[in-house]
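> For reference, the chains in residue letters:
2 protein chains.
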Amino acid sequence: MDLKAYLKNYGKVVDEALDRFLPAENDLPASVHRAMRYSVFAGGKRVRPILMLAACEAVGGDHQLALPAACAMEMIHTYSLIHDDLPAMDDDDFRRGRPTNHKVFGEAIAILAGDALLTEAFILMSSPDYAAKVGAGRLLPVIREIGLCAGSRGMVGGQVVDMESEGKMEIDLATVQYIHTHKTGALIKASVKAGATLGGADEQGIAAISRYGEAIGLAFQIADDILDIEGTTEEIGKDAGSDEARGKATYPAVMGLADSKRRAQELVEIALEALARFDASADPLREIARYIVARKS
Amino acid sequence: MDLKAYLKNYGKVVDEALDRFLPAENDLPASVHRAMRYSVFAGGKRVRPILMLAACEAVGGDHQLALPAACAMEMIHTYSLIHDDLPAMDDDDFRRGRPTNHKVFGEAIAILAGDALLTEAFILMSSPDYAAKVGAGRLLPVIREIGLCAGSRGMVGGQVVDMESEGKMEIDLATVQYIHTHKTGALIKASVKAGATLGGADEQGIAAISRYGEAIGLAFQIADDILDIEGTTEEIGKDAGSDEARGKATYPAVMGLADSKRRAQELVEIALEALARFDASADPLREIARYIVARKS
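In the order they appear, the protein sequences are chains A and B. For the first sequence, my numbering assigns the number 2 to the initial residue and increments by one for each residue that follows. For the second sequence, my numbering assigns the number 2 to the initial residue and increments by one for each residue that follows.
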């Protein structure tokens with residue numbers, strides 16, 4: 002299969018749906034809606050929503066069943082980037098080569114745009130149209146799962162520990178693993194799990210897809226850490242070597258570059274094994290797993 | 002009826018439930034969970050959750066049906082206070098006589114604690130136990146309504162316009178009304194509407210309770226504006242006259258003190274009329290409406 006075409010096609014599907022689902026730029030108050038859209042349409046690769054659509058299709062579901070939840074996931078991911086970039090947090094002026102939200106709209110609007118995007122995600126997932134399509138009984142567990150993975154025992158928790166360990170002299174592997182599985186891994190796992198649930202998978206199917214999600218979530222972050230060392234600033238869209246400069250907790254810092262690469266490769270194998278029970282419908286998930294460690298940006 | 006005892010009793014019910022529903026203080030990462038609990042248990046009067054329980058009972062429902070959603074509402078209210086107090090927003094050092102969240106835990110944790118409380122609200126409302134009790138089909142519209150009232154077209158929108166009009170020379174009545182109905186009114190209306198829905202009211206019942214909520218929401222804010230002028234610093238727990246000093250958009254600033262008092266009183270009458278169809282079960286709602294304009298803090 003042509004993964005590049007697949008990613009491009011579904012990236013477009015997600016972009017168009019996000020444009021439909023988000024409040025219009027001129028809805029009052031316009032400033033916050035402009036700020037929300039600025040960051041949502043800032044060139045993100047839509048990794049999480051595409052994974053959700055792909056997981057839905059892997060278990061035999063129509064991707065439309067997962068589309069609103071996939072867009073909600075992207076809104077949550079975007080809110081987390083806006084808040085992470087704030088001066089009180091990572092204090093980043095640029096993201097993907099564009100000024101960060103607070104540099105354009107000011108800190109107050111950036112905080113509120115993040116808050117509104119997080120809220121909008123839950124508004125979207127609880128819409129009556131969506132409930133009519135997938136059933137309220139199937140939708141509620143998805144909302145809860147996504148909430149749990151985004152909250153203080155998920156992504157937010159990962160961000161807290163990441164911040165608290167920054168600049169520390171000794172960071173052990175358990176801490177690095179906690180940060181990665183929570184900060185990045187949680188939303189990736191929730192994405193594929195939600196996709197499988199919305200696509201109508203049985204319990205074993207959902208469990209298999211979850212194992213896949215856990216493995217690629219971790220592989221994705223290790224690959225990111227490696228890219229930060231080996232990639233050029235142009236390729237990765239931020240300063241190369243910035244993790245090391247900040248004393249960030251990363252895999253290469255704790256277990257070395259060679260072992261990190263080996264671990265990432267192992268995780269891809271685990272991810273592929275988890276998909277053994279699925280037919281060719283799961284090929285996009287398989288290709289994405291392979292792509293994660295091979296990508297250059 | 003004894004409103005004071007009612008508020009005290011249901012305040013305790015809400016406090017105990019919040020303690021049960023929130024992640025424990027020692028759950029990892031402890032810093033963010035401590036920060037969440039610090040602000041949730043900072044002496045709030047639990048106005049919104051008690052209104053939700055009272056609305057549920059007014060339509061003949063057991064208040065237990067509304068308890069998780071009522072706690073979720075208080076989490077959303079608390080997150081909004083934490084973020085509003087941030088240096089980039091209102092920059093307040095004290096709230097209810099205690100140091101604000103970011104003064105105790107730092108700005109980064111305060112931002113994340115707010116994010117986590119907002120997320121936790123939706124986690125709580127989508128719990129399988131709760132869905133089993135009230136039914137997924139009744140729960141989803143409540144989640145959506147609360148989201149809409151909290152997001153960019155509700156509370157966050159009100160905060161944006163409030164911020165943007167601060168210090169402006171001329172603020173018209175329409176803007177003040179927009180700020181009040183969105184920033185404070187939206188969550189109050191959503192509280193009673195959710196209570197009525199969860200209590201099993203029919204459409205007319207929900208509509209009547211919503212009219213009540215709109216009226217008292219606005220009355221509540223006008224009374225707050227009046228208190229800011231007439232109350233002592235000790236009574237209201239913040240600097241008296243601080244709205245005027247900041248050039249805040251308030252009712253007294255736009256229509257004068259006497260007319261503001263008259264308007265608040267009128268709104269209480271409207272609220273009571275909206276409850277005409279309900280029996281003595283709605284007495285707590287009636288007493289709360291009268292109390293809103295009579296209170297001294």
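Do not rely on the hints blindly, as some may be mistaken.
Identical chains share a label here; the pair holds if one copy fits it or two copies do between them.
Lysine to any residue pairs mimicking SDA-like chemistry, simulated, CA-CA at most 20 Å apart [stated by the list, open to error]:
(1) Lys169 / Ala277
(2) Lys134 / Arg145
(3) Lys9 / Gln178
(4) Lys297 / Gln65
(5) Lys169 / Ala31
(6) Lys104 / Ile230
(7) Lys104 / Met90
(8) Lys297 / Phe22
(9) Lys297 / Pro24
(10) Lys46 / Asn10
(11) Lys169 / Gly107
(12) Lys9 / Ser211
(13) Lys104 / Asp91
(14) Lys104 / Pro88
(15) Lys249 / Arg278
(16) Lys169 / Ser32
(17) Lys249 / Glu274
(18) Lys262 / Gly206
(19) Lys169 / Gly257
(20) Lys9 / Val105
(21) Lys104 / Glu165
(22) Lys249 / Arg99
Hints listed in this document are in silico derivations from the structure and should not be mistaken for laboratory results.
> Now tell me, hint by hint, if it's right for this structure.
Do the hints match the structure? See the list:
1. Lys169 / Ala277: Neither way: Lys169 and Ala277 sit 41 Å apart in one copy and 64 Å across, limit 20 Å.
2. Lys134 / Arg145: both (18 Å within a copy, 16 Å between copies)
3. Lys9 / Gln178: Answer is neither; intra-copy 31 Å and inter-copy 46 Å both fail.
4. Lys297 / Gln65: neither (30 Å within a copy, 54 Å between copies)
5. Lys169 / Ala31: between (42 Å within a copy, 18 Å between copies)
6. Lys104 / Ile230: Classified as neither: same-chain Cα gap 27 Å, cross-chain 36 Å, threshold 20 Å.
7. Lys104 / Met90: Close inside one copy (14 Å) and across copies (15 Å); limit 20 Å.
8. Lys297 / Phe22: neither (31 Å within a copy, 44 Å between copies)
9. Lys297 / Pro24: Classified as neither; 34 Å inside a copy, 39 Å across copies.
10. Lys46 / Asn10: Only inside one copy: Lys46 and Asn10 sit 12 Å apart there, 51 Å across copies, limit 20 Å.
11. Lys169 / Gly107: Intra 30 Å, inter 18 Å, cutoff 20 Å: inter-copy only.
12. Lys9 / Ser211: The answer is neither: 24 Å in one copy and 46 Å across copies each exceed 20 Å.
13. Lys104 / Asp91: both (13 Å within a copy, 19 Å between copies)
14. Lys104 / Pro88: Intra 10 Å, inter 16 Å, cutoff 20 Å: intra and inter.
15. Lys249 / Arg278: Neither, since 38 Å and 62 Å both go past 20 Å.
16. Lys169 / Ser32: between (39 Å within a copy, 17 Å between copies)
17. Lys249 / Glu274: neither (31 Å within a copy, 61 Å between copies)
18. Lys262 / Gly206: Close neither inside one copy (29 Å) nor across copies (62 Å); limit 20 Å.
19. Lys169 / Gly257: Classified as within; 17 Å inside a copy, 57 Å across copies.
20. Lys9 / Val105: Cα proximity of Lys9 and Val105: none, with 28 Å in one copy and 46 Å across.
21. Lys104 / Glu165: Classified as between: cross-chain Cα gap 17 Å, same-chain 24 Å, threshold 20 Å.
22. Lys249 / Arg99: neither (23 Å within a copy, 34 Å between copies)
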